[in-house]
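Peer 1: With the hints in hand, could you dock these two chains into one complex?
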Amino acid sequence: MPWTLLFRNMIGHPVRSTLTVLSVAVALALLCVLDATARGYTAAVDLAAQNRLVVMSQVSLFVPLPLSYQSKIQQVEGVKTTTKFQWFGGEFGDRGGFFAQFGIDAESFESMYPEIGLVEGSFEEFRGERTGCVIGKGLADQFGWAIGDSVPLTTPLFPRGKSGEEAWTFVVRGIYKALRPNFDEQTMFFHFDYLRESLEAGAALGPPGVGTYAIEIDSGVRAETVMTAVDGLFENGPQRVRTTPEAEFNRQFLSMMGNIPLLLRSIGGAVLFAIFFAVLNTMLMAGRERTRDLGIMKALGFKNGYIGAMLVMESMLLILIGSVLGIALAHLLAGIMKPFVSGWAPGFAIDGAVLLNGLAMAAALGLISGLAPGLRAAKILPVRALREDA
Amino acid sequence: MAVAITLRSVTKTYSRGGETLRVLDELDLDMDGGTFYALMGPSGSGKTTLLNLVGGLDHCDSGLVQVGGDDLNSLSASELAAWRSANVGFVFQGFNLLPVLSARENVELPLLLAPLSRKQRREQAERALELVGLKDRMKHKPRELSGGQEQRVAIARAIATDPQVLLADEPTGDLDRESADAVLQIMQRLNRELNKTVLMVTHDPQAATYADQTIHLDKGKLGGIEDNRTEAGAN
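So the sequences go chain by chain: A and B. Per this note's numbering, the very first residue in the first sequence carries number -6; after that it's consecutive. Per this note's numbering, the very first residue in the second sequence carries number 1070; after that it's consecutive.
Everything labelled a hint here was simulated from the structure, so no lab data went into it. Be a bit skeptical, because a hint or two may be false.
Unchecked claim - No farther apart than 27 Å at their CA atoms in a straight line, the calculated lysine-lysine pairs in the DSS-like style are these:
#1 B:Lys1208 to B:Lys1188
#2 A:Lys296 to B:Lys1210
#3 A:Lys296 to A:Lys372
#4 A:Lys73 to A:Lys155
#5 A:Lys170 to A:Lys130
#6 A:Lys296 to B:Lys1288
Nothing here was measured: the structure is a model prediction, and the numbers come from that model.
Okay, chain B solo, but in the shape it has when bound (with noise of 0.2 Å):
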């Protein structure tokens, strides 16, 4: 079932030298279940702030943050950390791999909270690390790996628990075009043959054109969304 998130008057506050910084500011959007969203605006606009909240890496001061009905804000951080285990997956820039373990090992990590044997855990694993395309890659370590290889196993660990949103802050940020495009066009499919929720930070309009919609921040603040749906010339 695709998962749908709400925010409504979301704010989140952060001091920094003695100053405060509002970085959302009573923020309301509403993204649909099974949309491929990319989000775009100036640094500092929020953009990373939104996906934590998002994905239940932090909690907003004063607002609703719901994702497929779970309100995020009343969650303890135990319960949100098997919130996040059950629900969605996270992709970042750096690719944040454990360089002391294997692609598939990468992969397996977030199977580990989940009720399996080791065979079965290897097996989703290694469907997972089929699904980006590097099952032959898989006994490989990071560091033997290009960029848009380190990305395409992030994605696979973010997806081996199957959870419904996914969560990427600027995945493409490090990698060449090519590979970028290749790792996009995987968060694609996820989204439109596995019905994934997505929602991707970027400040690449190229990489945004391959969502269904855009969504702009300004200054913590909606700017804007945009349909890709009815833009010519979309991925």
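So here's chain A without its partners, still in its complex pose (with noise of 0.2 Å):
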């Protein structure tokens, strides 16, 4: 019956419990989708590995690194294995794909980055082709290219041909799923060499030298220990290098573009707020409209915590019709903007994290909007209430 009360209670001004549960669902999946690119965002600092370093130029990251320093690197005592890591830069034809594709050595690559399974094709066939590439699941999904597909690039960075305008063909002889939440399926790697062999034969121009290098570290070894070696090592030039861990490289990398996350999460404590004052607003009117109600209930000897704890329960009630349609809603949205977020946000995902922040939000936000009828309710002496008009 207290059951039947509060639904019928509900259903008595459907337009109005109808828009605030549908402003509910909209702000929580809104916020759900805002706290998974946050974590997907920040994903790739949470969970780096901690047996890898980055060695980059002291003087900035697109300062190109020589060629040399890769065998003095693989040299220092405690480095299992090194890859070299070059932005291409390069855009998909006129149809404004733009993904991130680097050059890298695919021995090692494969080992240092277990998190990269491969789904269909196989590094193998991948390594015996020079201009082969192995591409994400989301990129592959994203463009429709699949085994065997040639995938045409034009970069800046790297003009090919006599005009400059000459595409660089890859083709696709591997298409992985990130198996942990750090990595991303939006990215293309391609055969380092392939580049370094076009540009020493003068089809394409560029920068010589490497953008990053990646070391993997042997178990049981210092971090430390190899980024003070590693920077030593090149102390006296030709370019000094800053060896960080691959979370702090990370972290400096998404920090260019700002504080995301605390921008996203701003975005997504403005939209709670808004919705607080919408439900409190509902709740409010409904504990005005029904305080002679209340008074009955009172006299007919309902306790003060029990018609309290009744709007309460509406409230709450309301938030959590409007929680099922908003995860609903969420996992509808993620859907649809996994293929643009996860590039830079490699981590989203509407996981279990994300809803039990989302409900326990929307929980609180419940809670909070129904106390303050709730405790007026309450308060109110019966024969105040019973005064009120209908």
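Peer 2: Shown next, in the form of structure tokens:
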């Protein structure tokens, strides 16, 4: 019966209740998507491998390091293996297709990044073809690429051909899925040697060298020791380097775009704040309209706490229905948004943590917005409540 | 067991617009258990305030309000709520049914506070509705009932928990003569057949004739008590 009364009171104003539920649903969906984006964004830092370091120029990330450095780094004690990472900056045709591409060393890359799991093709096929590449599943789905497809890219960093507008052609030899959320599925990896050989042969123009080196250290070795050793190795040039843990490198890289998680969470907080007032207004109106009914219930013997709890429960019920719809909407939105955001927010997903956070916020919202009318209803004297106009 | 009501030196004041109104002024009153009382007096004489004090809806400023041996002034808000649930039924002028519930659900409402199963609550609510002749209307919402029917549902709700005291604040004020008589007859039956103590505020002298005695209030003091049973033509 109390549930009957709660439901009946709720549907007593169907338009108002529906609008409130929809507001909560949209707000919660937005909150979940923003939270998922912020979490996905920081996943690259939070879940970065502890045994990997990144070497970059001490001047800037955009100043290339000599190719000769790799063999020297490889000889530092505690270094297990190394690979190159060269930003390519290519664009796919005239479809406005921009995504990240890196030139890497295929052999070492495979062993250094176990979080990449090939779901189609193989590393063997990739290694066997100079123009081969490995692409993320998200990228394959977005552009409809399959194993064996050619991917023509043009890049202002490494113009190709006499006109400088000739496309670089890569052949898809592997499609990967990220086995951990610190890695996105929107990136293409190709042979650095393909780029180097093209530059050396004069088929393309561009700066020699490599953007960064990634190092995998031996187990049991302190990262600080290796970092100091590598930095010391090039202390006298020709190019001084800065070695950092992968997490720190990722953090610095992401911070170049500003504090995106703070921005996203601020928007989420503002949405939550706005919806709090909407629900509070609904509940205050509901409480005031039913003052006389609450007075009757008090006259019948219902205690103040029971009456107050009824309004809080009604608020929670509105929020609960809105939350169920909101979660469904969040999943729908996430499906649509994933290809667009997972490139820079690799861990983007409406997972348990996101849902728990969203539901906790929603529950707090329901509780707080139900408390004001609930306390008022609990406090009001029965004789005063009964005098209110129906 | 019929419940008697005793008031000793009861004073109740209200502050309104900076002015203090003495609504009940050192009132002494004894009401026997199992008697039907009509409470009359001009507007502002303290009728409804007296009813609220006897019903445990409000506290007096000073004095003693005792109902069936319970000193209502000594009870906390929570204890008073429990006391109301067990001892008193209210009938209001404006019917005061919850519009979102059916007639039976309205009658079931006070039974939620009793240790009854859902089936028992339904049966008891239906018995109460049968007593006021509205069992066939139990699924109707208040807006689908006439004023007289709504007030009978309110009476059924008031007696659903079988309280010994029934308090009615102008129960026929919004009804036509025919409906008013039907309601008053039910209240009279509840008094005579079930021995309930009934206290009814009314402005209607004809309604007062259904009561055993009429208490007259004037400016918060007792104006007199009239025994209707000795009057010719009493119902």
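Peer 1: Could you run down the list of hints and mark each one as holding or not?
Peer 2: Each hint, compared with the structure:
Taking the CA atoms of lysine 1208 of chain B and lysine 1188 of chain B, the gap is near 16 Å; set against the 27 Å cutoff, the hint holds. About 25 Å separates the Cα atoms of lysine 296 of chain A and lysine 1210 of chain B, which keeps this hinted pair within 27 Å; it holds. Our distance criterion of 27 Å between C-alpha atoms is met by lysine 296 of chain A and lysine 372 of chain A, whose separation comes to about 10 Å. Restraint check for lysine 73 of chain A and lysine 155 of chain A: the C-alpha separation of about 41 Å exceeds 27 Å, so the hint is violated.
Distance check on the hinted pair: lysine 170 of chain A and lysine 130 of chain A sit about 6 Å apart at the alpha-carbon level, within 27 Å; holds. Among the hinted pairs, lysine 296 of chain A with lysine 1288 of chain B is inconsistent with the structure: their alpha-carbon atoms are about 33 Å apart, more than 27 Å.
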